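Enquirer: Model the full assembly from the supplied sequences, consistent with the hints where possible.
Protein chains: 2
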Amino acid sequence: MKKTLLFSLAMLPLVNGMAQGQEKKPNIILFLVDDMGWQDTSLPFWNQKTMYNERYETPNMERLARQGMMFTQAYASSISSPTRCSLMTGCNAARHRVTNWTLEKNKSTDGETDVLNLPDWNVNGIAQVSGTDHTFVGTSFVELLRENGYHTIHCGKAHWGAIDTPGENPCHFGFETNICGHAAGGLATYLSEQNYGHDENGNPTSLMAIPGLEHYWQTGTFATEALTQEALKALDKAKAYNQPFYLYMSHYAIHIPIDKDMRFFEKYKQKGLSDKEAAYASLIEGMDKSLGDIMDWLEKNGEADNTIILFMGDNGGYASGSGWRDEPLFTQNYPLTAGKGSAYEGGIREPMIVAWPHVVKPGTRCDKYLMIEDYYPTILEMAGIKDYHTPQPIDGISFVPLLKQTGDPSDGRSLYWNFPNIWAGEHGPGIAATCTIRQGDWKLIYFYETGKKELYNIPDDISEKHDVAASHPDIVKQLSADLGAYLRSVDAQRPAFKSTGKLVPWPDEVE
Amino acid sequence: MKKTLLFSLAMLPLVNGMAQGQEKKPNIILFLVDDMGWQDTSLPFWNQKTMYNERYETPNMERLARQGMMFTQAYASSISSPTRCSLMTGCNAARHRVTNWTLEKNKSTDGETDVLNLPDWNVNGIAQVSGTDHTFVGTSFVELLRENGYHTIHCGKAHWGAIDTPGENPCHFGFETNICGHAAGGLATYLSEQNYGHDENGNPTSLMAIPGLEHYWQTGTFATEALTQEALKALDKAKAYNQPFYLYMSHYAIHIPIDKDMRFFEKYKQKGLSDKEAAYASLIEGMDKSLGDIMDWLEKNGEADNTIILFMGDNGGYASGSGWRDEPLFTQNYPLTAGKGSAYEGGIREPMIVAWPHVVKPGTRCDKYLMIEDYYPTILEMAGIKDYHTPQPIDGISFVPLLKQTGDPSDGRSLYWNFPNIWAGEHGPGIAATCTIRQGDWKLIYFYETGKKELYNIPDDISEKHDVAASHPDIVKQLSADLGAYLRSVDAQRPAFKSTGKLVPWPDEVE
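Here the protein sequences come in this chain order: B and L. Residue numbers for the first sequence, in the numbering used here: 285 to 795. Residue numbers for the second sequence, in the numbering used here: 285 to 795.
Warning: the hint list may mix true and false statements.
Because identical chains share one entry, a pair is satisfied inside a single copy or across any pair of copies.
Claimed, not checked - Think about it this way: if two alpha-carbon atoms lie no more than 27 angstroms apart in a straight line, the pair counts; the simulated DSSO-like pairs of lysine-lysine are:
1. K521 to K389
2. K389 to K309
3. K521 to K391
4. K517 to K389
5. K560 to K645
6. K391 to K523
7. K389 to K523
8. K389 to K308
9. K333 to K551
10. K391 to K517
11. K391 to K786
12. K670 to K309
13. K389 to K584
14. K560 to K333
Keep in mind the hints are simulated off the structure, nothing from the lab. The model shown is predicted, which means the values in this text are computed figures rather than measured ones.
Expert: Here it is, written out as structure tokens:
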């Protein structure tokens, strides 16, 4: 009997897939939501509860927040591809130059302006190898996770590289399973009745057709749910493989079109919402249910205790498109101004939660700021991966000290944005060619076309209603110098004036 | 004008995806056919033309042979998984211990014998990481190609690892695109009318259902053709990516079931063949058309000149199953005896052709022997990849010198097989637990169960009709010593006797 027991114990490490002495690596899930506003949740990220927090129901975000830490000043780019390329490379968008959204090879998606010639940005996105013009070449953290024994799963939207370039394929960045990821940044429809954008012969009706969900066509399954079911199947496989896993759960939700998720639509109608607003609310709750289903899977499969979940949005809520919502334009991220595509907080501030069992204190809140490129070194640190070498420099700074409450890497640090582009077809506050710096409480936005500089004290004026540039020339000067120096240091791009052909001055080259 | 031209030339290397000074890497295609017999072609690999060479039509194999080098003594294991695991790891099957075919996790596919207890072989196949019991852990050459800038495509049958183990997923071995590869080593059906093994609800009707071809269901497309079309789409992508590519075109053909490929069936009926034999011939010609379509793609896309094609079979033609063919059992690989699963030449000798523009002399023939694990170092050498490090030792030896006609790595070398297993449900000449050595002209087979040793002079007696062990005791002794020493050196497995519990002696431990 004793002998048998000893034998069993000796075998245990092998059965668990671990050589003796090896530490068990945590599973990591990054749950990224598309076009989600800071207020598109019942979980208040502001210091007050808004009408939107009252309206929407996201019980699983609340559940995750109870288990982990909320971040109230988590930033990304204001547009999808720049954010996602920063996530994958650890580089600021000013450096990787994928500053607007990508789709077709060698085609800029920029709009036009009478005043500016826009720079020749990396319209083809990122790539894992050189050889494609207009790409930024980098090694993703997913590749490093894979090389270090992780089973890596991509589920949902990719949007890192143009069609027919290496970046369109998530498997070029270290993903071993790719569910539905391709070049497109949007979706034709959430509806299985429309085969997610395929005709009756199975051919895509647009570049936004979601690939790979044939099994769910005509089944009444909303795309959010289909992706979740596929993700859970992939997690079953990951569990069987006995490898730590990285799941990138990158929902197409809550990007337009605002289709009705009928599992939740009627509930919001009964709350008195209009059809459009009820549909929007149903998109949000469908996304939240996906989070809950994944958390349930972890609990049922004994993996909750060894799994880190990071919840993040990719850019601000879409607030500039007429016809989709009944809320007035530019208000639906209140108290933030504007939304996706804008340099104002509505465009760049994201809902973010991190739960890390035994490391992050449950139910905590962090008001320090951080930036999307910080995910790269953070996730590698979480996985215990050090001394990695990448062709690109890593601009991101690990926020593990914030999670552990052992220090503040944001102290004295500036955050930078560069958008020397025009978001085609969209107009509104802060939706323009800009560069921006956040330093401590202050935020300076420089408009390339007009030369205008706006200065806000963010904690005092989160809605950016009071431009105080005129009354704080020293701060404007100091932030302009910081921003200009940074942009030059990373070889950032800027527009030129059509009238003269000359490059627009850097922010520290004008008053 | 001159300035423009200079500018254009200077840009050229970048446009071609090549930093200056970099040598252009060749594309590599490995075209692997399942269960193809040495005579299942109009291209004679023997020094005489057989009735089978007259019967079958494989014009594209002939075309490839005109461009490259035929190998008349190319060997593999007699069963699929051992061959494929040797291919991927560069290890002899005696070392990797995946000595029989794999399918379900922790389940041996071995048959039973009254006499022997079979060893606890690696029933779960190979894996890229440790953590799964009964796997052999290795880094594949595909992973090394990928790390060196190749875009890597898997199309067709994988069969490296059991269901729910890491080895079931080709993307764990460096493949970035996986078309239809999974754990299974066979297919339910070639017929789109049967959804390649899925019911009307899209659910698989057996473990052999081909995944991933939903687009072709009910279209009348034979599986061989569907795989080819998918491969060509993947090549279009590879071309767009501007990366060198590795395509593993691993046909399910010509594995049973012997469905009729109607594009070719009638032609063979009109030649007077029975339904079954015409169906078999149609499977062969469908596979050959696939080769031709790929060669056509290369020519049309300007890649023929920079693409190496290796054509190979994974084991001998299936000759032991009654009901599938009208040819007498064990004869259809004539002049070779028996077929798949046998230690005789019918089980292990494969049709093989290599075309390598500007390197291999067109229309040549090589009679030196080589072994499936030799593909690993050969392909890496073709790609210019040196100084790689792998967790497993590489048993294979590059056959590039044979291709370049600069030397003979087979000179003085022995080849080894170890099959300490029982192929369930199959019986016939040489289908037994055996280990085997080929040394120069001589081949010795040792039968674990009976202790019998057979000795053949292969060039003199390719059909292995004349066992000359009794008249050449010195050669038997020398080969037994070589084989026994090798098997011990790689920690090979062997059965034990049920009667005594003792391990069967190594070949050099008995007379």
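Enquirer: Now tell me, hint by hint, if it's right for this structure.
Expert: Quick rundown of the hints versus the structure:
Taking identical chains as interchangeable, the C-alpha atoms of K521 and K389 lie at most 27 angstroms apart only when they sit on different chains, with a minimum of 13 angstroms there against 34 angstroms within one chain. In the homo-oligomer, the alpha carbons of K389 and K309 lie at most 27 angstroms apart only across protomers (24 angstroms), although the nearest pairing inside one protomer, at 38 angstroms, exceeds that limit. Taking the shortest Cα distances, K521 and K391 sit within 27 angstroms of each other only across copies (18 angstroms), while inside one copy they are farther apart (38 angstroms). In this assembly of identical chains, K517 and K389 lie within 27 angstroms of each other by CA distance solely across copies; the values are 17 angstroms between and 33 angstroms within a copy.
In this assembly of identical chains, K560 and K645 lie within 27 angstroms of each other by CA distance neither inside one copy nor across copies; the values are 38 angstroms within and 70 angstroms between. Taking the shortest alpha-carbon separations for K391 and K523, only the inter-copy value of 19 angstroms comes in at or below 27 angstroms, while the best intra-copy value is 41 angstroms. For a Cα distance limit of 27 angstroms, the shortest separation of K389 from K523 across copies, 14 angstroms, qualifies, whereas the shortest one inside one copy, 38 angstroms, does not. Taking the shortest alpha-carbon separations for K389 and K308, only the inter-copy value of 23 angstroms comes in at or below 27 angstroms, while the best intra-copy value is 42 angstroms.
For the identical chains of this complex, K333 and K551 are intra-copy neighbours only, at 21 angstroms inside a copy versus 77 angstroms across copies, given an alpha-carbon limit of 27 angstroms. Taking identical chains as interchangeable, the C-alpha atoms of K391 and K517 lie at most 27 angstroms apart only when they sit on different chains, with a minimum of 22 angstroms there against 36 angstroms within one chain. Taking CA atoms no more than 27 angstroms apart as the test, K391 paired with K786 passes inside one copy only; the shortest distance there is 24 angstroms, against 72 angstroms between copies. Proximity of K670 to K309 under the C-alpha cut-off of 27 angstroms is restricted to the intra-copy arrangement: shortest distance 13 angstroms within a copy versus 32 angstroms between copies.
Within a single copy, K389 and K584 get their C-alpha atoms only as close as 44 angstroms, which misses the 27 angstroms cut-off; across copies the closest is 22 angstroms, which meets it. In this homomeric assembly, K560 and K333 come within 27 angstroms of each other (Cα to Cα) only inside a single copy, at 23 angstroms, whereas the closest approach across copies is 75 angstroms.
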